[in-house]
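Novice: The primary structure of each chain is shown beneath.
There are 2 protein chains.
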Amino acid sequence: MIYCDNGATSWPKPPQMLEQMNYFVNEIGGSPGRSGHTASVEAERVAFGVREALAEMFNIKDPQQIAFTKNITESLNYVIQTQLKPGDHVITSSMEHNSVMRPLRMLESKGLELTVVQCDEEGFLDPEKVKAAIKENTKMIIVNHASNVIGTIQDVEAVGKVAHEAGVLFTLDAAQSAGLIPVDVEKMHIDFLCVTGHKGLLGPTGTGAVYVNPAIKVEPFMLGGTGSNSEFEEQPEVMPDVWESGTMNIIGVAGLAGSLQFLKEVGIPNIHKREVMLTQRFIDGIKDIPGVKIYGPLDAMKKTAVTSINIEGAVCSEVGKVLDQGFGIMTRTGLHCSPAAHKTIGSFPQGTVRFGFSYFTTEEEVDKVIEAVKVIAEAAAE
Amino acid sequence: MIYCDNGATSWPKPPQMLEQMNYFVNEIGGSPGRSGHTASVEAERVAFGVREALAEMFNIKDPQQIAFTKNITESLNYVIQTQLKPGDHVITSSMEHNSVMRPLRMLESKGLELTVVQCDEEGFLDPEKVKAAIKENTKMIIVNHASNVIGTIQDVEAVGKVAHEAGVLFTLDAAQSAGLIPVDVEKMHIDFLCVTGHKGLLGPTGTGAVYVNPAIKVEPFMLGGTGSNSEFEEQPEVMPDVWESGTMNIIGVAGLAGSLQFLKEVGIPNIHKREVMLTQRFIDGIKDIPGVKIYGPLDAMKKTAVTSINIEGAVCSEVGKVLDQGFGIMTRTGLHCSPAAHKTIGSFPQGTVRFGFSYFTTEEEVDKVIEAVKVIAEAAAE
Chain A
1 MIYCDNGATS
11 WPKPPQMLEQ
21 MNYFVNEIGG
31 SPGRSGHTAS
41 VEAERVAFGV
51 REALAEMFNI
61 KDPQQIAFTK
71 NITESLNYVI
81 QTQLKPGDHV
91 ITSSMEHNSV
101 MRPLRMLESK
111 GLELTVVQCD
121 EEGFLDPEKV
131 KAAIKENTKM
141 IIVNHASNVI
151 GTIQDVEAVG
161 KVAHEAGVLF
171 TLDAAQSAGL
181 IPVDVEKMHI
191 DFLCVTGHKG
201 LLGPTGTGAV
211 YVNPAIKVEP
221 FMLGGTGSNS
231 EFEEQPEVMP
241 DVWESGTMNI
251 IGVAGLAGSL
261 QFLKEVGIPN
271 IHKREVMLTQ
281 RFIDGIKDIP
291 GVKIYGPLDA
301 MKKTAVTSIN
311 IEGAVCSEVG
321 KVLDQGFGIM
331 TRTGLHCSPA
341 AHKTIGSFPQ
351 GTVRFGFSYF
361 TTEEEVDKVI
371 EAVKVIAEAA
381 AE
Chain B
1 MIYCDNGATS
11 WPKPPQMLEQ
21 MNYFVNEIGG
31 SPGRSGHTAS
41 VEAERVAFGV
51 REALAEMFNI
61 KDPQQIAFTK
71 NITESLNYVI
81 QTQLKPGDHV
91 ITSSMEHNSV
101 MRPLRMLESK
111 GLELTVVQCD
121 EEGFLDPEKV
131 KAAIKENTKM
141 IIVNHASNVI
151 GTIQDVEAVG
161 KVAHEAGVLF
171 TLDAAQSAGL
181 IPVDVEKMHI
191 DFLCVTGHKG
201 LLGPTGTGAV
211 YVNPAIKVEP
221 FMLGGTGSNS
231 EFEEQPEVMP
241 DVWESGTMNI
251 IGVAGLAGSL
261 QFLKEVGIPN
271 IHKREVMLTQ
281 RFIDGIKDIP
291 GVKIYGPLDA
301 MKKTAVTSIN
311 IEGAVCSEVG
321 KVLDQGFGIM
331 TRTGLHCSPA
341 AHKTIGSFPQ
351 GTVRFGFSYF
361 TTEEEVDKVI
371 EAVKVIAEAA
381 AE
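Residue numbers (this note's numbering), protein chains in the order written: chain A, 1 to 382; chain B, 1 to 382.
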């Protein structure tokens, strides 16, 4: 079995993840911020440690400006649904995931003004085009750091600079970059950083986070018990409590602590280096196979380890099925919740077959995948 | 160490929980509903198995009417924030948690009409008073099944009957009852059932669920990728997809599968019986100690295993600290995110010391807790 669906969720996980989850359940067990007893205080310490580790990774000064969420979709909804009002103008790109497009389209139907800047066929966004789209009422620019369909890495530092020079908020969807390539909220001028725990951060499902620039006033979205200001029936408005209603997934957060420890030990530059090597090996291995079309950049330095292809004469869902059942290779086929991105790269509505490698993928596995693509392409050509 | 904070989160967990989580991470690993490959399909099977187990437990006909959430606060916010509009009238009780009161108060500030029916000093809600509060524009009645402060169990079957006879929606907050006493959506006339995974269901944090009566049209709240209708930038409006945006906490859901298996083997009636025995033993052991005030019913059949007390001459946070550091007994002190409930029982703003037992609590532990209360009460009286 060769797992190539790391764009959806990373697998395997570093052993530290389960170790920390098991330790938490067996030895700690409390709910953070809810009680004053030993177990609860210890749970709070675990949660704060993860806030600190994320702050260190993303160059965030105050760890309390990071709220835990269940996934990046929750993070993005908090930002989009609380910060944007009817009459505001928002700029995004044509390479976004539905976790950005669906909330924006919903708000558009209620009076939000939306500009979708067209990317080129390799998925690249031109920061100058973003700059040209800014208007009097532009409130926010929101883009992803790397495409979930073809891996294209955007020059988000330039986009962030454009935003801040115009006094516009900048939100980064780092679903496909956090843990894989450097993300720096200062250098990239990021006001809202949205991440998920279970992809490049190699943590468990049910974990995500959202960072907010401390200069920005935050409004509640989901309201409930926060373990703070319990005497009031109004939601507290300070981070992280304002966006952390109800019992947090502390078992998941404990697991994320283990994963972040692993990432720190290996180092993100080393992870990136390895993924570039694996991805370039894959691209070079398939790019000359007759009938194989690769979408996006062919230079692995310009993308993450996610690569989309199609094979002439074969439907992508069928290719995925043969890869799975004939070769034990797991990919994700179709539209990857990103119809706009597929329209941009020219693969809508049929979709693509997406391969996503991770630090744990081996060169031998990549070679087997190349061989399988070759066999399927030859069969399709007959 | 004696853990008496099961009202916040249950501990220990049945061994099946971690077994299933470890198995999922090590042997399955895929994201449900996202891809067509073996791991993803297997993950989908795990998720559907939990929907089926919850459906069986709560007498729900169609498991697809259950959406997974991160906690009950999310479940309640989906229901409250999507179903209720300005001008609607809502009836709730004076014993509710802030996960109900905070969203309702926020909507009240935007034009929702809210009636809070006063409960008696033991926390009981009179269904006749609920009936009398119904008006022309009443849209929903929302109450908890059991108090998180004093354990009082409401006659929710009668409240549900009142609701349905008047053509009003009935929402049940089963945070403190699911897994501990029977919950039956048909018998209790429940339109929206909100539960959490990490309390009485003995599952991991980061899991919760919301059931919706199939006759009710559901609106999106958090929007994003659902792995379905990927070609559209609009949220699908069918359950469970409409309320399951982004990657679900499938590792947590796998753990919940193990916990539900344990609950099925033991049987909820047996769990209830044991908790009644432990709670009655505790109440009988402390009720005659001079200076000890017990809030709520003294008959354990009328309540869950959560009991609140105060000790004359001692501040509750101090009592909690002494219990923890002097006796290794973990409780939760203060207002338990439920200011209205404390006002109802007469313990606002000082709060109470809350003891919460579980199926795993032993009689010896209860006796040690009684002894500790006795020692602290005697010291406070001096």
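Just so you know, these hints were derived from the structure itself, not from any lab.
Any given hint could be a false lead.
[What the hints assert, rightly or not] Quick list of in silico lysine to aspartate or glutamate cross-link-like pairs, EDC-like style, CA-CA up to 16 Å:
(1) B:K343 <-> A:E231
(2) B:K110 <-> A:E234
(3) A:K343 <-> A:E42
(4) A:K110 <-> B:E234
(5) A:K287 <-> A:D367
(6) A:K85 <-> A:E52
(7) B:K293 <-> B:E231
(8) A:K302 <-> A:D288
(9) B:K321 <-> A:E42
(10) B:K110 <-> B:E136
(11) B:K110 <-> A:D284
(12) A:K321 <-> B:E42
(13) A:K85 <-> A:E113
(14) B:K343 <-> B:E122
(15) A:K343 <-> B:E122
(16) A:K343 <-> B:E231
(17) A:K110 <-> B:E231
(18) A:K110 <-> B:E233
(19) A:K287 <-> A:E378
[What the hints assert, rightly or not] Here are a few chain A residues that face chain B, going by a calculated C-beta distance under 10 Å:
(20) L18
(21) N26
(22) F48
(23) F124
(24) S230
(25) G252
(26) V292
Keep in mind that this is a model prediction, so the values were computed, not measured.
The beta-carbon is built from N, C-alpha and C at its ideal position, and this holds for glycine as well.
Novice: Under the criterion that the straight-line Cα-Cα distance not exceed 16 Å, is the pair K110 of chain B, E234 of chain A satisfied?
Specialist: Roughly 13 Å between the alpha carbons, so the hint for K110 of chain B and E234 of chain A holds.
Novice: Between K302 of chain A and D288 of chain A, does the CA-CA distance stay at or below 16 Å?
Specialist: 20 Å, violated
Novice: Does the nearest C-beta of chain B fall within a distance shorter than 10 Å of the C-beta of G252 of chain A?
Specialist: With Cβ-Cβ at 5 Å, under 10 Å, it holds.
Novice: Given the hint that K287 of chain A pairs with E378 of chain A, test it: the Cα-Cα distance must not exceed 16 Å.
Specialist: Distance ~14 Å between K287 of chain A and E378 of chain A Cα, so the pair holds.
Novice: Is the hint on V292 of chain A kept, meaning its closest Cβ partner in chain B is under 10 Å away?
Specialist: Hint violated; V292 of chain A Cβ to chain B Cβ min 20 Å, cut 10 Å.
Novice: Does K321 of chain A pair with E42 of chain B here, judged by a C-alpha cut-off of 16 Å?
Specialist: Distance of about 15 Å is within 16 Å: holds.
Novice: Quick one, are K343 of chain A and E231 of chain B close enough, alpha carbons at most 16 Å?
Specialist: 10 Å, holds
Novice: Could you grab the alpha-carbon distance between K110 of chain A and E231 of chain B and see if it respects the 16 Å cut-off?
Specialist: 22 Å, violated
Novice: Could you grab the alpha-carbon distance between K343 of chain B and E231 of chain A and see if it respects the 16 Å cut-off?
Specialist: Satisfied, since the Cα-Cα distance of roughly 10 Å is no more than 16 Å.
Novice: If you draw a straight line from the CA of K343 of chain A to the CA of E122 of chain B, is it 16 Å or shorter?
Specialist: Violated, because 62 Å separates the two Cα atoms, which is more than 16 Å.
Novice: Between K287 of chain A and D367 of chain A, is the straight-line Cα distance small enough, at 16 Å or below?
Specialist: Distance of about 13 Å is within 16 Å: holds.
Novice: Within 16 Å, alpha carbon to alpha carbon, are K85 of chain A and E52 of chain A?
Specialist: Violated, at about 32 Å.
Violated hints, listed in ascending order, are 3, 6, 7, 8, 10, 11, 15, 17, 22, 23 and 26; each of the other numbered hints is respected by the structure.
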